[in-house]
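Taken in sequence, the protein lines are chains P and H. In terms of our numbering, the first sequence is residues 1 to 228. In terms of our numbering, the second sequence is residues 229 to 448.
Think of the hints as simulated: they come from the structure by calculation, not from any bench.
Computed list of lysine to any residue pairs in SDA-like fashion (alpha-carbon distance at most 25 Å, straight line):
| no. | chain 1 | residue 1 | chain 2 | residue 2 |
| --- | --- | --- | --- | --- |
| 1 | P | Lys-119 | P | Pro-142 |
| 2 | P | Lys-215 | H | Ser-270 |
| 3 | P | Lys-220 | H | Val-340 |
| 4 | P | Lys-216 | H | Val-340 |
| 5 | H | Lys-435 | P | Val-117 |
| 6 | H | Lys-384 | P | Glu-162 |
| 7 | P | Lys-215 | H | Met-370 |
| 8 | H | Lys-435 | P | Ser-48 |
| 9 | H | Lys-384 | H | Leu-418 |
| 10 | H | Lys-384 | P | Val-60 |
Cβ-to-Cβ under 10 Å is the rule here; a few derived chain P residues that face chain H:
| no. | residue |
| --- | --- |
| 11 | Ala-77 |
| 12 | Val-80 |
| 13 | Ala-178 |
| 14 | Lys-187 |
Note that the Cβ used here is the ideal one computed from N, Cα and C, for glycine as well.
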Amino acid sequence: MNWSWTVFFETIPLIAKGLWITVGLTLACYLFAAVFGFFWVFMSRIPSKIVRSIFGWIAVFVRSTPPLVQLFFIFYAWPVIPVVGVSLNPFVAAILGLGIHFSTYMSEVYRSGIESVDKGQWEASTALNLSTRQKWTKIILPQAIPPTIPMLGNYLIIMFKEVPLASTIGVVAMLHIANDYGSQYYKFVEPLTVVALFFLLLSYPSAILISKLEKKYNRKFDKKAMSS
Amino acid sequence: MGSLPDIFSTLVQGLKVTLLVLVLSIICSTIIALVAGLSRVSTNRLVTGVTGFYVEIFRGTSLIVQLFWFSYALPGLFNIHLGSDIWVAVLAISLNYGAYMSEIVRGSIQAVPSGQTEASIALNLSKFQRMRHIIIPQAVRMMLPEYGNYLIQILKATSLVSLIGLTDLLYYGNIYRSTHLSDSPTVYLLLLVMYFVIALPLIAFTKKMESVSKKGVAHG
Numbered sequence: 001m002n003w004s005w006t007v008f009f010e011t012i013p014l015i016a017k018g019l020w021i022t023v024g025l026t027l028a029c030y031l032f033a034a035v036f037g038f039f040w041v042f043m044s045r046i047p048s049k050i051v052r053s054i055f056g057w058i059a060v061f062v063r064s065t066p067p068l069v070q071l072f073f074i075f076y077a078w079p080v081i082p083v084v085g086v087s088l089n090p091f092v093a094a095i096l097g098l099g100i101h102f103s104t105y106m107s108e109v110y111r112s113g114i115e116s117v118d119k120g121q122w123e124a125s126t127a128l129n130l131s132t133r134q135k136w137t138k139i140i141l142p143q144a145i146p147p148t149i150p151m152l153g154n155y156l157i158i159m160f161k162e163v164p165l166a167s168t169i170g171v172v173a174m175l176h177i178a179n180d181y182g183s184q185y186y187k188f189v190e191p192l193t194v195v196a197l198f199f200l201l202l203s204y205p206s207a208i209l210i211s212k213l214e215k216k217y218n219r220k221f222d223k224k225a226m227s228s
Numbered sequence: 229m230g231s232l233p234d235i236f237s238t239l240v241q242g243l244k245v246t247l248l249v250l251v252l253s254i255i256c257s258t259i260i261a262l263v264a265g266l267s268r269v270s271t272n273r274l275v276t277g278v279t280g281f282y283v284e285i286f287r288g289t290s291l292i293v294q295l296f297w298f299s300y301a302l303p304g305l306f307n308i309h310l311g312s313d314i315w316v317a318v319l320a321i322s323l324n325y326g327a328y329m330s331e332i333v334r335g336s337i338q339a340v341p342s343g344q345t346e347a348s349i350a351l352n353l354s355k356f357q358r359m360r361h362i363i364i365p366q367a368v369r370m371m372l373p374e375y376g377n378y379l380i381q382i383l384k385a386t387s388l389v390s391l392i393g394l395t396d397l398l399y400y401g402n403i404y405r406s407t408h409l410s411d412s413p414t415v416y417l418l419l420l421v422m423y424f425v426i427a428l429p430l431i432a433f434t435k436k437m438e439s440v441s442k443k444g445v446a447h448g
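Take these sequences, add in the hints, and give me the full structure.
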């Protein structure tokens, strides 16, 4: 057994520095995915059936292919493409790559929320002669999004655990620091264990928080359904 | 400037490893998920405690970290050599997704209405018969759509094995890219298409299972 507690405690402050980069990158990716998720919802509601199915398939394609390959595409291949190609720094590439990948999941969450809004609400908005914009911002979305908050929170935790992929294109966060330390001193196990512990430390309490939130929301919305 | 068939013939060399890791991981993670899922509904506190610990550890940390951890820690820390890196990859992916999928197994078993358990007790079925003939057949139907989704997740996860040096699709893609920089858009697009083609049967399976699980269920 080659375990050294000295190395273990020595790497904690080093990797803690990377923790904030991981958390920041997670939030940035999440924000991008949350906004871009509406794009897919919008595209799935366009009247033209051809456009709808094209974007539907693109979303399925993005969702069922590895995010790592998508990341490499954006980081390595995008700059080479003539005319539209631009070099991106690793951070931007990670935000774009992981953000687009997870936006296809977010759109599914939004869609489930929108579909759960009662049919009468749509009819009532039409009857009240609300404009499309008013219908969405005042009637549908305020009812569609709150019940999906626990699900959206789950995706935040899932993304947190996918962000270390960015270390493969050179984002210096927790995993990257651990691997650097490992190759410098040939001590991999301790820094990697520290990284794993940091992940656990953040994601486990958040998961508990979200399941509590889920229960609370379920009660709240069940009550509403019963009284209506 | 390489042509499309050129690139394809390079990438295709990695297909065997990708498919091998995929199939082995699916088999192992399914077994782990069933065992861990059933253990978590056990009445034995020790069994539920130990599996609960396993599930939370593997769900709480990142797969890529686990993959690195296993590939460095098993030989260094415990002096375990699995023979080839394929087994390290399969072990990490299976333990990770086994933990996630055990939650579906547990959830589905708990979602079977309690009247079914009461009826089995009333019919004097043994605990084993109750599980085998009453609870599990109903629970499996509920598991299948989510299970299909996880199979796609496992396929996506297999792309990580190139990071610990396995020669899968992505590994050959990166090799080709490093010598033919201007071809990199074609290389990665082709890779994405190849992964998508492998995913198509899994997507079809998931769709099919969604309709199977809905069929004949009165309460929807």
